[in-house]
Amino acid sequence: MPHPPAMPAALRLAQHTRRVVLWTAALALVATAGCNGAGDGPPMQKPSAKGAPLHPVTYRPRLSGPGSGLQTDLKDHHGKPVKAPCRSCHDGKLPARKRNTGTSLKAFHVGLTMQHGRLSCLTCHNADNYDTLRLADSTPVPFDDLMQLCGQCHGPQKRDYDHGSHGGMTGYWDRTKGPRVRNQCVHCHDPHAPAYVGVVPGPRPKDRFLLNTSGGHGAGDHGAADHGAADHGAADHGAAPPKKPATHAPAQGGH
Amino acid sequence: MSISDDPVQQQGGGDGVARRTVLKAAGATLGAAAFAKALAPLTTWAEDMSADEFLQKHYKELSPAELKATLARIEADTKKDTGVDVTLTADAPIEGVKFGYALNLSICIGCRMCAEACHEENNHDRKTHNSYIRVFEMDKGSIDFAKGTVDYVHPVPRDDKFYMPVQCQHCDEPPCVDVCPVEATWKEKDGIVVVDYDWCIGCRYCEAACPYHARRFNWHAPEVPAKDINPDQGLLSNRIRPQGVMEKCHFCLHRTRKGKMPACLEACPTGARVFGNLLDPKSEIRWVLENKRVFVLKEELGTKPSFFYFFDE
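Line by line, the protein sequences give chains W and D.
Sequential numbering from 381 applies to the first sequence in our numbering.
Sequential numbering from 19 applies to the second sequence in our numbering.
Since the hints were derived computationally from the structure, they do not count as laboratory data.
If you're wondering where the values come from, they're calculated on a predicted model, not measured in any experiment.
Mixed in with the good hints, there may be bad ones.
With a straight-line Cα cutoff of 30 Å, these simulated DSBU-like cross-link-like pairs (lysine-lysine) come out [as the list claims (entries may be wrong)]:
1. Lys557(W) <-> Lys165(D)
2. Lys430(W) <-> Lys245(D)
3. Lys98(D) <-> Lys116(D)
4. Lys276(D) <-> Lys245(D)
5. Lys430(W) <-> Lys276(D)
What follows is a list of derived Cβ distance ranges for each label pair [stated by the list, open to error]:
6. Asp196(D) <-> Leu515(W): 27 to 37 Å
7. Leu492(W) <-> Asp169(D): 50 to 60 Å
8. Arg498(W) <-> Asp196(D): 35 to 45 Å
9. Glu113(D) <-> Pro522(W): 24 to 34 Å
Facing chain D, according to a computed beta carbon distance under 10 Å, are these residues of chain W, among others [unchecked claim]:
10. Lys426
11. Arg539
12. Met549
13. Ala573
14. Tyr576
15. Gly582
The C-beta atom is built at its ideal place from N, Cα and C for all residues, glycine as well.
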């Protein structure tokens, strides 16, 4: 939009006058005719038929994550990064069952931070097959199906998640009209250090509400609309879900 | 002056009050000379506002054909003013749907991504960085949002604080609607409180009446660079507002009446927001109302918000 020059005072006054006129006019009319009210508006939309098919709920895919192995620096002849299956090293290597810290890792995976209760690595990782995870009852689960793994120890959050009140979503509230995409626990929580990471907030408002206040009411104030506060851009909002629902999500979500 | 539930009956089955009628009556009441004089400055800004726009009927009185013509006219005006092709819709409420919104205060971290998404979705003025949502940072243990701050810049969340986004609460007893002298704002059948930007006279009574400071006044017409204009627009929602009218959160009705989530919910990186149909017992919003201890802001005022807050146990 071309930025029009600020409206000259005279025009603003004119605009204002029009309002006063209309306002007075309306009051006068009500006073004299004693009637008001408008029509009913356009007819309501019909809801979808009962039992209409529901569009699916899918998990938002994870772009990183071990999936078929550990990311390496190598590229294959198509230029695609090479993943090393976890088993390429771990088969034949004795699992360290008691390990529960990142700092104890000296030979490999150095720098991994572990701040998740006192869980040992092999509470979640599967000593029989490092390319999978495991539930408490030893059932193996693939890396891209983590909801149950997390849910077994975090019942309340899993329940809330299943009822749409934890974990967020994008898409349709009315699934007769379109699909929905859900985040997975690890989109927001690093499994090794799951505390939600803070952020620098987005730009603050610069409206008149703020002019005479460190936060309280300012509704009566007539100042200029812009007080020119400095912009400070939104920092990296790591876990923000994508704006457009992803179309190629792998798994079918619950609910 | 009260708003009748059944306006047709109250006015005796007539066509309602067209602005023309108001003007004519006013002419008679105030005296033609005074009226003409008051209107005279209009000539200086005729370029800015077409006669059609000035004589635009109240939204609720538009016949389907008139509604279509209005949408087409505004689309064309927008194209002329901004060069942008927008699609303007006027989705009606859906039968059997009443919208409700809930926000989990245990989860919200005050990142303002919702306010930012609102800013972009709703073609808000870029210079003032307007948004229908304000996020209050408050001391733990108090829920008086008037004591909160909205202009914090430090990294969030802070341990001793919690964060409360506030937007229009879409009250069932909306004080803002009651005070409007011209019925330019009303509650739709799906619970959304809307503003007819063509009918609003900018008296700002509603702004003063709202206990949640949820209404915003367009001191200027919003200025949005053409490339940033959201072309998916609603007549009663995010189309570019004229100068001098009130506006407020409309639950993104151009999205939600098509079955989509509001922009602020999709943008929330923490998953603190829950939106849906209060009349559907299987909806997420109903689950929250039935299983969480929800509260509403300023309950004592009797405004009956459709917006709920809760903490996890």
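Right, here's what the structure says about each hint:
1. For the given pair, Lys557(W) sits about 41 Å from Lys165(D) by alpha-carbon distance, which is inconsistent with the 30 Å threshold.
2. Using a Cα cut-off of 30 Å, the hinted pair Lys430(W) and Lys245(D) is violated, with the two alpha carbons roughly 41 Å apart.
3. The straight-line distance between the Cα atoms of Lys98(D) and Lys116(D) is roughly 37 Å, outside the 30 Å bound, and the hint therefore fails.
4. Note on Lys276(D) and Lys245(D): the hinted pairing holds, with a Cα-Cα distance of about 24 Å set against a maximum of 30 Å.
5. For the proposed pair Lys430(W) and Lys276(D), the alpha carbon gap of about 17 Å is at most 30 Å, so the pair holds.
6. Between Asp196(D) and Leu515(W) the beta carbons are some 57 Å apart, a value that contradicts the proposed interval 27 to 37 Å.
7. Restraint check, Leu492(W) to Asp169(D): a C-beta distance of roughly 39 Å breaks the suggested window 50 to 60 Å.
8. Between Arg498(W) and Asp196(D) the C-beta distance comes to about 58 Å, which lies outside the given range of 35 to 45 Å.
9. Restraint check, Glu113(D) to Pro522(W): a C-beta distance of roughly 44 Å breaks the suggested window 24 to 34 Å.
10. Look at Lys426(W): its Cβ gets to within about 6 Å of chain D, closer than 10 Å, so that hint holds up.
11. Interface restraint check for Arg539(W): the shortest CB-CB distance to chain D comes to about 9 Å, inside 10 Å, so the restraint holds.
12. At about 7 Å, the closest approach between the beta carbon of Met549(W) and any beta carbon in chain D falls short of 10 Å, and the interface hint on this residue holds.
13. Violation of the interface hint for Ala573(W) is found here, the shortest Cβ-Cβ separation to chain D being roughly 17 Å, above the 10 Å cut-off.
14. Taken as an interface hint, Tyr576(W) checks out: its beta carbon lies about 7 Å from the nearest beta carbon of chain D, inside 10 Å.
15. Taking 10 Å as the C-beta contact cut-off toward chain D, the hint placing Gly582(W) at the interface holds, the least distance being around 4 Å.
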